[in-house]
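Peer 1: Here the structure of chain A is known, so what remains is to put chain B in place on it, guided by the hints.
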Amino acid sequence: MNGQLVRSILRGSQLSVRALSTSGPVRSSEAALDQAARDKIHPKLGNRDVVGWGFNGTASYVDREEFPLPAVRFKENTPDVMALREKEKGDWKALTLDEKKALYRASFCQTFAEMKAPTGEWKSIVAAIITALAVTGWIVIYMKKFVYSEMPHTITRQWQEDQLNRMLTQNQGRIEGISSKYDFEKGEWK
Amino acid sequence: MFRIVQRASVVVHSVAKQSLQRPAAAVVSLRGKHGVQESDEAFDARYENFFARPDIDGWEIRKAMNDLQGEDLVPEPKIIIAAMKACRRVNDYALAIRYLEAVQDKCGNRLKEVWPYIKQEIKPTLDELGILTPEDMGYDKPELALKDVYDM
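Protein sequences appear in the order of chains A and B.
Under my numbering, read the first sequence as residues 1 to 190, first letter to last.
Under my numbering, read the second sequence as residues 1001 to 1152, first letter to last.
By construction, these hints were calculated from the structure, which means they are not laboratory data.
Source: prediction; values computed, not measured.
Idealized CB from N, CA, C, for every residue including glycine.
One should not assume that every hint holds.
[As the list claims (entries may be wrong)] FRET-style restraints, in silico, Cβ to Cβ:
{"id": "1", "chain 1": "B", "residue 1": "K1123", "chain 2": "A", "residue 2": "N47", "range": "34 to 42 Å"}
{"id": "2", "chain 1": "A", "residue 1": "S124", "chain 2": "B", "residue 2": "Q1037", "range": "44 to 52 Å"}
{"id": "3", "chain 1": "B", "residue 1": "E1128", "chain 2": "A", "residue 2": "E86", "range": "15 to 23 Å"}
{"id": "4", "chain 1": "B", "residue 1": "K1141", "chain 2": "A", "residue 2": "E121", "range": "16 to 24 Å"}
{"id": "5", "chain 1": "A", "residue 1": "K89", "chain 2": "B", "residue 2": "Q1037", "range": "39 to 47 Å"}
{"id": "6", "chain 1": "B", "residue 1": "K1123", "chain 2": "A", "residue 2": "A36", "range": "43 to 51 Å"}
{"id": "7", "chain 1": "A", "residue 1": "K87", "chain 2": "B", "residue 2": "K1112", "range": "28 to 36 Å"}
[To be verified] Here are the computed lysine-lysine pairs in the DSBU-like style, where the Cα-Cα straight-line distance is at most 30 Å:
{"id": "8", "chain 1": "B", "residue 1": "K1078", "chain 2": "A", "residue 2": "K116"}
{"id": "9", "chain 1": "B", "residue 1": "K1085", "chain 2": "B", "residue 2": "K1063"}
{"id": "10", "chain 1": "B", "residue 1": "K1085", "chain 2": "A", "residue 2": "K93"}
{"id": "11", "chain 1": "B", "residue 1": "K1085", "chain 2": "B", "residue 2": "K1112"}
This is chain A alone, in the form it adopts within the complex (with noise of 0.2 Å):
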């Protein structure tokens, strides 16, 4: 659809044009387009320059390291940017440190170390997952002492132990259970 568009309006305006491929951004060598049209193929363009094919065949600009080079230039281009790609054609030993950063800049976005900087984002990270435990610490203690019912009296250490003494003097589990474990003669565990 996007081919058949640029087809028709380069029809219209008259311009001689190479067989294009169906799709994406237009080299600018082939054929000139004005603004009218850029902004019909690629609303969000505006002024800037396309210089690739991109990842993906549209005219879009992303930071990627496994892809460095995107499809089209950073920023617009403006005219004190043009007066910089006219030095740039000359000797690049003449540009200063500064028209070299902001020739950079008109390019792209970001540098490779800004990309790959660390954002800190583990901080937060670790600080929601405290909360959450911190949270639920709360509703443990709520649960047990208001949800709760009272523990059974039969789990105080002091009946486990009247519970113990009463199985023994019994005598249950004297083959293979919790007699068999206790030496009746000297009193004590074997």
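Peer 2: The following block gives chain B in isolation, referenced to the frame of chain A:
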């Protein structure tokens, strides 16, 4: 009957061992792809000749650079030199710096071992063309901060 099976298995093993040994001599570089495997020198020559084309334009340079970035290797200095000269031909300084940064990125966590060698090899060309290395531009540390889209 078992003797025959045993004999046959011994024969099969020895034939298999022979056939495994032979390819090691024939193939120069293993790329793990289908079809004919290109040697390292052919690969380097292909990219160097591509960048050395006198009528190359920015579109093609970017295509080649992005492809090189996708390969599992750090480009040879001669390829980098050819790319720098190609950038000079199309009058694009930012492209040259970006590609040097990309080469540094390909070195991965062995940057300190590999980059000094590359820098030593390409420094004459860089000085001749007037290209600074990313460290000289101050781009080895982050310079500007970008607001996160989720904070806007």
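Peer 1: Given the proposed pairing of K1085(B) with K93(A), does the C-alpha separation stay at or below 30 Å?
Peer 2: Holds, because 14 Å separates the two Cα atoms, which is no more than 30 Å.
Peer 1: Could you tell me whether the CB distance from E1128(B) to E86(A) stays inside 15 to 23 Å?
Peer 2: With a Cβ separation near 22 Å, E1128(B) and E86(A) satisfy 15 to 23 Å, so the hint holds.
Peer 1: Taking the CB of K87(A) and the CB of K1112(B), does the distance hold inside 28 to 36 Å?
Peer 2: holds, 35 Å
Peer 1: Take a quick look at whether K1085(B) and K1112(B) sit within 30 Å of each other, Cα to Cα.
Peer 2: Within the cut-off at roughly 25 Å; holds.
Peer 1: Is the gap between the beta carbons of K1141(B) and E121(A) within 16 to 24 Å?
Peer 2: This hint holds: roughly 20 Å between Cβ atoms.
Peer 1: Falls inside 44 to 52 Å, the C-beta gap from S124(A) to Q1037(B)?
Peer 2: holds, 48 Å
Peer 1: State, for the Cβ atoms of K1123(B) and N47(A), whether the hinted interval 34 to 42 Å holds or is violated.
Peer 2: holds, 37 Å
Peer 1: Tell me if the straight-line CA distance from K1085(B) to K1063(B) falls inside 30 Å.
Peer 2: holds, 16 Å
Peer 1: With 39 to 47 Å as the target window, see if K89(A) and Q1037(B) comply at their CB atoms.
Peer 2: holds, 42 Å
Peer 1: Could you grab the alpha-carbon distance between K1078(B) and K116(A) and see if it respects the 30 Å cut-off?
Peer 2: holds, 27 Å
Peer 1: For the hint 43 to 51 Å, verify it against the beta carbon of K1123(B) and that of A36(A).
Peer 2: This hint holds: roughly 48 Å between Cβ atoms.
Of the numbered hints stated above, none is contradicted by the structure.
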